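Colleague: Listed below, chain by chain, are the residues.
There are 2 protein chains.
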Amino acid sequence: MALNRKQIEEIRAIIKSGQVLTEESDRYSYSFDASFGTYLPDAVVQTKSVEELVALVKLANRELIPLYPRGQSTSLSGGPLPVQGGIVLDLSVMNHILEIDEEDLVAVVSPGVLTAAIHKAAEEKGLLYPPDPSSSHVSTIGGNLAENSGGPRGLKYGVTKDYVIGLEVITPEGELIRTGGRTVKNVTGYDLTKLIVGSEGTLGIITKAILRLLPKPPASETVMITFDSLVDAGRAISRILSSGILPAKMELMDQASIVAVENYEPSNLPIDAEAIILMELDGHPVAIKDEVEKVAALCEAVGARNVRIPKNAVEKADIWRARKLVSPAIVRIKPTKISEDATVPRSKIPDMCARLQEIRKKYNIHLVVFGHAGDGNLHPNIIADKRDKEEMQRVEQAVAEIFTAALELGGTLSGEHGIGTMKAPFMEMELGAVGLDMMKRIKQVWDPNNIMNPGKIFPEPGQKLELT
Amino acid sequence: MALNRKQIEEIRAIIKSGQVLTEESDRYSYSFDASFGTYLPDAVVQTKSVEELVALVKLANRELIPLYPRGQSTSLSGGPLPVQGGIVLDLSVMNHILEIDEEDLVAVVSPGVLTAAIHKAAEEKGLLYPPDPSSSHVSTIGGNLAENSGGPRGLKYGVTKDYVIGLEVITPEGELIRTGGRTVKNVTGYDLTKLIVGSEGTLGIITKAILRLLPKPPASETVMITFDSLVDAGRAISRILSSGILPAKMELMDQASIVAVENYEPSNLPIDAEAIILMELDGHPVAIKDEVEKVAALCEAVGARNVRIPKNAVEKADIWRARKLVSPAIVRIKPTKISEDATVPRSKIPDMCARLQEIRKKYNIHLVVFGHAGDGNLHPNIIADKRDKEEMQRVEQAVAEIFTAALELGGTLSGEHGIGTMKAPFMEMELGAVGLDMMKRIKQVWDPNNIMNPGKIFPEPGQKLELT
Numbered sequence: 001m002a003l004n005r006k007q008i009e010e011i012r013a014i015i016k017s018g019q020v021l022t023e024e025s026d027r028y029s030y031s032f033d034a035s036f037g038t039y040l041p042d043a044v045v046q047t048k049s050v051e052e053l054v055a056l057v058k059l060a061n062r063e064l065i066p067l068y069p070r071g072q073s074t075s076l077s078g079g080p081l082p083v084q085g086g087i088v089l090d091l092s093v094m095n096h097i098l099e100i101d102e103e104d105l106v107a108v109v110s111p112g113v114l115t116a117a118i119h120k121a122a123e124e125k126g127l128l129y130p131p132d133p134s135s136s137h138v139s140t141i142g143g144n145l146a147e148n149s150g151g152p153r154g155l156k157y158g159v160t161k162d163y164v165i166g167l168e169v170i171t172p173e174g175e176l177i178r179t180g181g182r183t184v185k186n187v188t189g190y191d192l193t194k195l196i197v198g199s200e201g202t203l204g205i206i207t208k209a210i211l212r213l214l215p216k217p218p219a220s221e222t223v224m225i226t227f228d229s230l231v232d233a234g235r236a237i238s239r240i241l242s243s244g245i246l247p248a249k250m251e252l253m254d255q256a257s258i259v260a261v262e263n264y265e266p267s268n269l270p271i272d273a274e275a276i277i278l279m280e281l282d283g284h285p286v287a288i289k290d291e292v293e294k295v296a297a298l299c300e301a302v303g304a305r306n307v308r309i310p311k312n313a314v315e316k317a318d319i320w321r322a323r324k325l326v327s328p329a330i331v332r333i334k335p336t337k338i339s340e341d342a343t344v345p346r347s348k349i350p351d352m353c354a355r356l357q358e359i360r361k362k363y364n365i366h367l368v369v370f371g372h373a374g375d376g377n378l379h380p381n382i383i384a385d386k387r388d389k390e391e392m393q394r395v396e397q398a399v400a401e402i403f404t405a406a407l408e409l410g411g412t413l414s415g416e417h418g419i420g421t422m423k424a425p426f427m428e429m430e431l432g433a434v435g436l437d438m439m440k441r442i443k444q445v446w447d448p449n450n451i452m453n454p455g456k457i458f459p460e461p462g463q464k465l466e467l468t
Numbered sequence: 001m002a003l004n005r006k007q008i009e010e011i012r013a014i015i016k017s018g019q020v021l022t023e024e025s026d027r028y029s030y031s032f033d034a035s036f037g038t039y040l041p042d043a044v045v046q047t048k049s050v051e052e053l054v055a056l057v058k059l060a061n062r063e064l065i066p067l068y069p070r071g072q073s074t075s076l077s078g079g080p081l082p083v084q085g086g087i088v089l090d091l092s093v094m095n096h097i098l099e100i101d102e103e104d105l106v107a108v109v110s111p112g113v114l115t116a117a118i119h120k121a122a123e124e125k126g127l128l129y130p131p132d133p134s135s136s137h138v139s140t141i142g143g144n145l146a147e148n149s150g151g152p153r154g155l156k157y158g159v160t161k162d163y164v165i166g167l168e169v170i171t172p173e174g175e176l177i178r179t180g181g182r183t184v185k186n187v188t189g190y191d192l193t194k195l196i197v198g199s200e201g202t203l204g205i206i207t208k209a210i211l212r213l214l215p216k217p218p219a220s221e222t223v224m225i226t227f228d229s230l231v232d233a234g235r236a237i238s239r240i241l242s243s244g245i246l247p248a249k250m251e252l253m254d255q256a257s258i259v260a261v262e263n264y265e266p267s268n269l270p271i272d273a274e275a276i277i278l279m280e281l282d283g284h285p286v287a288i289k290d291e292v293e294k295v296a297a298l299c300e301a302v303g304a305r306n307v308r309i310p311k312n313a314v315e316k317a318d319i320w321r322a323r324k325l326v327s328p329a330i331v332r333i334k335p336t337k338i339s340e341d342a343t344v345p346r347s348k349i350p351d352m353c354a355r356l357q358e359i360r361k362k363y364n365i366h367l368v369v370f371g372h373a374g375d376g377n378l379h380p381n382i383i384a385d386k387r388d389k390e391e392m393q394r395v396e397q398a399v400a401e402i403f404t405a406a407l408e409l410g411g412t413l414s415g416e417h418g419i420g421t422m423k424a425p426f427m428e429m430e431l432g433a434v435g436l437d438m439m440k441r442i443k444q445v446w447d448p449n450n451i452m453n454p455g456k457i458f459p460e461p462g463q464k465l466e467l468t
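The listed protein sequences derive, respectively, from chains A and B. For the first sequence, my numbering puts the final residue at 468, and the numbers step up evenly by one. For the second sequence, my numbering puts the final residue at 468, and the numbers step up evenly by one.
Calculated from the structure, these hints are not laboratory results. If you're wondering where the values come from, they're calculated on a predicted model, not measured in any experiment. Warning: the hint list may mix true and false statements.
Which copy? The list can't say, so a pair holds if one copy fits it or any two copies do.
Claimed, not checked - Taking lysine-lysine pairs in the PhoX-like style, the calculated list, with each CA pair at most 25 Å apart, reads:
| id | residue 1 | residue 2 |
| --- | --- | --- |
| 1 | Lys389 | Lys6 |
| 2 | Lys125 | Lys294 |
| 3 | Lys216 | Lys289 |
| 4 | Lys294 | Lys48 |
| 5 | Lys294 | Lys216 |
| 6 | Lys58 | Lys440 |
| 7 | Lys334 | Lys294 |
| 8 | Lys208 | Lys48 |
| 9 | Lys337 | Lys216 |
| 10 | Lys6 | Lys386 |
The following block holds chain A by itself, in its conformation from the complex (with noise of 0.2 Å):
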């Protein structure tokens, strides 16, 4: 669909106080996200007014105009994509409140405020905010709302869901509603801000958010293990989870990811090596201190090389950033990234990576695996050139075996990236028609016309992933 002059004219006179942008140059900036597909919006809207985004809904609804919510489109999944045309909305510049209240514990925020932001003034009142995707230094609190993110401390403190005690949204019919409050107990009826939170910004419009708080643990410290063997590093995982400690975090990184690391910038990484833990444990210092010897007993019983305690903040810094260096170091490899987050029960890790190395022999991909192995929730990336359609080809079958290996072992599609545009054509894999069906209804139900980011998450009658 294109907008009329017409409807465009009424966008206007209602951003009064934002910015309407229809030329081309502009909307290319918001036709593509991290995932794959550039689709090109008819305009874009800027605004920090609620009010003025109500307007625009129940004009969408009555005009059967398609609404895309985006913040900073750090999506790996679609989520933003204006698949149908239409209008995105650039919530990024609703960044105006941030409020951190000591007393309640709580934080108030506007969907456009960076989720590190939120990080920082939380620390600045000894106070902690867990949910850390890996973008959070990019990626906005919207973003992290809509698609419910997880991140390394998802083992231990759970995902932004987890977090989110209230809401203030923009129904699909342009009608204002709060959902939950600044409590941490309410059991008022119907459970709408969990619904809302993951549900892709098909629901709705997020425009404030009441998330809660713990204190900042007093201490925390990092170590490093070290296997010769893939199946030993999974082995030491479950050991250490059943012995009664929960890291703060706990990621993988086996060897390719390893190499590609080294390859890109030397981080003194053990590159013989078939796979490293990283683990920050945190808490009381003492509590700590007992868990590191524990867990580094532990590790050595089950065959680890070597355990490694930096010794100061600048050691301890460098082995982070090993970590966050595997996803740009690996598009050194090939320039296109598919970046899965299908998550397997924690004891069935072993059997994914047994499972992950048959896939990619068999399609004969490059396939690196890292992630957030505590939680079960493995990354496999394959790295690709999209220009390669013989290629690609055989990346979407490995993907799609990525998939069913994943529910075959009891897991789910996504673990934190959502679904978007990306994941839709298996959603019946995982639920069941009936289990589908339950959530279509309530799509239907809340946005009888459609419009709110249409196109995600259900899939179209014959669907299929495609990547070229």
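Start from chain A and add chain B according to the hints.
Modeller: Structure of chain B alone, referenced to chain A:
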């Protein structure tokens, strides 16, 4: 409505492995819960078979027979009451699955398992299922799931919903679906798990649940702090929480509760004190020791009369037994207890205490205040005699004013007891017409014939609180 003979025959034909109770003496036991009102069901069904329940729901949906899932009926809000006749599903018999998986850190349970049995099974393997409603020794996990039960540990650990990662559910049209799974991270579509938990049996019948477990903290310590002023106690709570300490439990008892307990069963509580705070700290032994010292110093700084640390396990158990005695103790004063759970942001606890004092005077009612002060979830309990109609009218007005006060202070109608029949008349006051309508839409599209626990959560036009 009443079931006809043909319907009862059909039900008996479906429930082959279980029982169908139709004698009035049997049905009477299912006509009440721990709230108000008596409603005789037409039949009661007991079966462990999910297949039989599926067939029964299909029949009920076709014949428009109301269904009421029920556990042990400790509900304080009317959740399981068969208010429109029909069939009570006695799920307390479905208690045959209780598996603890130490590797995945999950429990798999059927709905009739007692919550205390899950606590015990987890602890035997060094694990913790944190949610601990006061009724846990008699309530089923199915009831806890339906109502999203809280409890003292909510302060540090959250509520039931925070530990549910997967469900097996029979939809109101008799389809069996599975939501979530065994992974902690899952963002595949809408979060039906968290929508169904807390929906009070109005969206389907939970037949199995997967619960997340934590490693059991290695140690815990109890502290009892005595205050000459309730306001000082409120200030102490605030200071402790903003000092970086997050106790596992932080319970308040006002003078009326203290006196009631001492009259009921002497427990060594200071009857001349205006308030006591009971606290449990858990974690690493050294960390706890530090925290206890810090708590003592903070409380003394705001004017605490006394800080007591029990010398041994017996003294510790006695303190928590005294807290549990509040409920039975206060009904000695008068036979009818109206237990509220209006919840306010933590910082508003002193304001809420003041409002409650005003309400007590204004309506000349017997009001006792205790509860989970750390998370703003006070339990104002009104003690009355339901045979005294004049008194009960004052109580009805006082209850309505308690809700108004909680909402004016930015709180919620219900922190953990649920809406049921008791609070339905007040829903719009908190949610607004549109917020309530968005909930109703989900109910209507999931349960088009309104057979699942009708008459709960959503008020009938003109419905008012009636305690007489």
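Colleague: Decide, hint by hint, whether the structure agrees.
Modeller: Against the structure, the hints come out as follows:
1. Lys389 <-> Lys6: neither (43 Å within a copy, 65 Å between copies)
2. Lys125 <-> Lys294: between (32 Å within a copy, 19 Å between copies)
3. Lys216 <-> Lys289: both (18 Å within a copy, 18 Å between copies)
4. Lys294 <-> Lys48: neither (51 Å within a copy, 44 Å between copies)
5. Lys294 <-> Lys216: both (23 Å within a copy, 16 Å between copies)
6. Lys58 <-> Lys440: both (22 Å within a copy, 21 Å between copies)
7. Lys334 <-> Lys294: For Lys334 and Lys294, neither the intra-copy (40 Å) nor the inter-copy (56 Å) Cα distance is at most 25 Å.
8. Lys208 <-> Lys48: Only inside one copy: Lys208 and Lys48 sit 11 Å apart there, 45 Å across copies, limit 25 Å.
9. Lys337 <-> Lys216: neither (35 Å within a copy, 40 Å between copies)
10. Lys6 <-> Lys386: neither (40 Å within a copy, 65 Å between copies)
In summary, the numbered hints that this structure violates are 1, 4, 7, 9 and 10.
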